[in-house]
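J.: Here's the letter readout for the chains.
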Amino acid sequence: MAPALSAEAVLNRTDDIVTEQAGLEGPLLPILHAVQAAFGYVPQETLPLIADRLNISRAEVHGVVSFYHDFREAPAGKHVVKLCRAEACQAQGADALADHAKARLGVDFHGTAKDVTLEPVFCLGLCACGPAALVDGRVVGRLDAARLDEILAGFGA
Amino acid sequence: MKIYVPRDAAAKALGADAVAAEITEQAKSRGIDVTLVRNGSRGMVWLEPLVEAETPAGRMAFGPVTVADVAALFDAGFGAHPLALGETDKIDWMARQTRLTFARCGVIDPLSVADYEAHGGLAGLRRALSMTSAEIVKETTDSGLRGRGGAGFPTGIKWKTVADAKADQKYIVCNADEGDSATFADRMIMEGDPLTLIEGMAIAGIGVGATKGYVYIRSEYPDAIEVMQAAIGVAREAAVLGTSVLGSGRAFDMEVRVGAGAYVCGEETSLLNSLEGKRGVVRAKPPLPALEGFLGKPTVVNNVISLATVPVIFEKGAAFYKDFGLGRSRGTIPLQIAGNVKHGGLFECAFGQTLGEIVDGIGGGTASGRPVKAVQVGGPLGAYFPRALFDTPFGYEEFAGKDGLIGHAGLTVFDDSADMLKQARFAMEFCAIESCGKCTPCRIGAVRGVETVDRIARGDADAIPILTDLCNTMKMGSLCALGGFTPYPVMSALTHFPDDFRVAHQEAAE
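Sequences listed follow chains A and B, in order.
With my numbering, the residue at position 94 of the first sequence is 94, and numbering never jumps.
Count along the second sequence from 1, add 1000, and you get the number used in my numbering.
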């Protein structure tokens, strides 16, 4: 993640993002995705600005941010491991794998330890090669405890 | 020499990128001129990464290939090798299929318009451009195509409603929020043959008088998003999209929108709210999206596979397509066989095969080698089928008749180690996590459902009728399929696998 920006820099960057996306029909989700891509999360202080620029209430923006699982209200760890919890992966042992990951990191889902954030995801479309995961945005199939340990060790976790 | 290594996410998840890099490296060090094509997947996921080499005898398949195998494949000149599977199209799994929607997937370079056209692409759009709006809608209706997202609503009838609506702006919205576990057909076609989806959307746009389209893709599909965006660029350059589609003077353009991790946005009205930048809550119907959809304008909302099937219908004619299938389920269906299965992947065939033929015959039984206990058909909102119902033919009405649904045609196979009470609990838990909160039966019912299953697990048999009653309330009283269909997995688990609910009771009593 980029070094901490000043409050002013965050707002300036957000303002630019809104300007870039404002011409779209239904621009709020693209704006929030871009804000999260820029800062790693959606900072609270950007909400009034986004609301003001789109002429909607702060409550509406907050409602949207909190509705969707993707938007973070705080930065994630340096690495994000998303383990699929859906049925096809369950049939291949995803529950045990999730338990293994939680035990190794010492956190529950949504927790961060040793710079790794562990998250559940419901289906990556890799249902014929489960258990599946998304590790820092890259797809991984037929994941097992040994391979997961290898990946986590690579992150120093 | 032309070599194909899939760029499909499943192939990548099993190491295709590293294999592709090694092929480039080996070719370079050996001084062999290799053209590497990153194609889609052929759908044989157990063989991924499946590498193909173009030879005078046809396209030869090798798989599953690891980085360590690449040097030996070059040594063998991509001929005799332990991983050789013969000509790809002659592999039993391929030869038994009827590939209409997926005819090009895995065959062509997904981002080459020339390749696309050489394999029949754009013929459907050209034909549609010579037809009137009414003729386009009629052709779609005559094909018998029904919504492949799961609801099975006749596509042509939806188009007619939008075509007949009067408005200054209409939209085509493609629902690519493929959130059901065991489904990956949308992802595969977007990664393997994105131009067919673009062509299908253009035909829909020309047919109903819409000039703008959106593909709403879930954020869990980063690879599909990337390929679709690139394909739209390629299609614009080739004037498949733009102010004058193929020089016809008629406009149609589209863009990708990315979801944000909400399962309920696969429901069409939630999707429209999400696309508008709102919370993805379900809208009450009426008004139908066909009349008041995106931004209140008439909108066709179709699933990826429905739209991706439109080009072949226009290329070969409605009668050709309608000829496949059974009863009121016409044409072909891309089955997605997943979970604990030996041969998992995508298998496109006419409707009508029995569940048993699909799971045992095509899928080859479980990967673990243990007996199949249950098959969940249609994703997290689909019923669990026991072996006793394996004679059910694959069709919309046929599955509805057995208190199930085919949904998006995903099948998750479980072996005998599965605990169906746990699966029933998960269905309720998933509904509780993903409920949009708009209607009470779903929002509160799912939470109570988890608690009630937990009571059963603790040995409280009195909770069983309460669960049944709760499921009935959710089924009848929910606004959309999330709350309305969650009872399918729960009740099918309870009905077909009563032992899993009773065993817990007895254990507790002892």
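Don't read these hints as lab results, they were simulated from the structure.
Don't be surprised by glycine CBs; every beta carbon is placed ideally from N, CA and C.
Heads up, some of the hints might be wrong.
Estimated spans, in silico, between C-beta atoms of each pair [said to hold, decoys possible]:
#, chain 1, residue 1, chain 2, residue 2, range
1, B, Asn1472, A, Asp108, 45 to 55 Å
2, B, Lys1166, A, Ile56, 27 to 37 Å
3, B, Ala1118, A, Arg58, 50 to 60 Å
J.: Under the constraints set out in the numbered hints, which ones does this structure not fulfil?
T.: Those not satisfied come down to hint 1.
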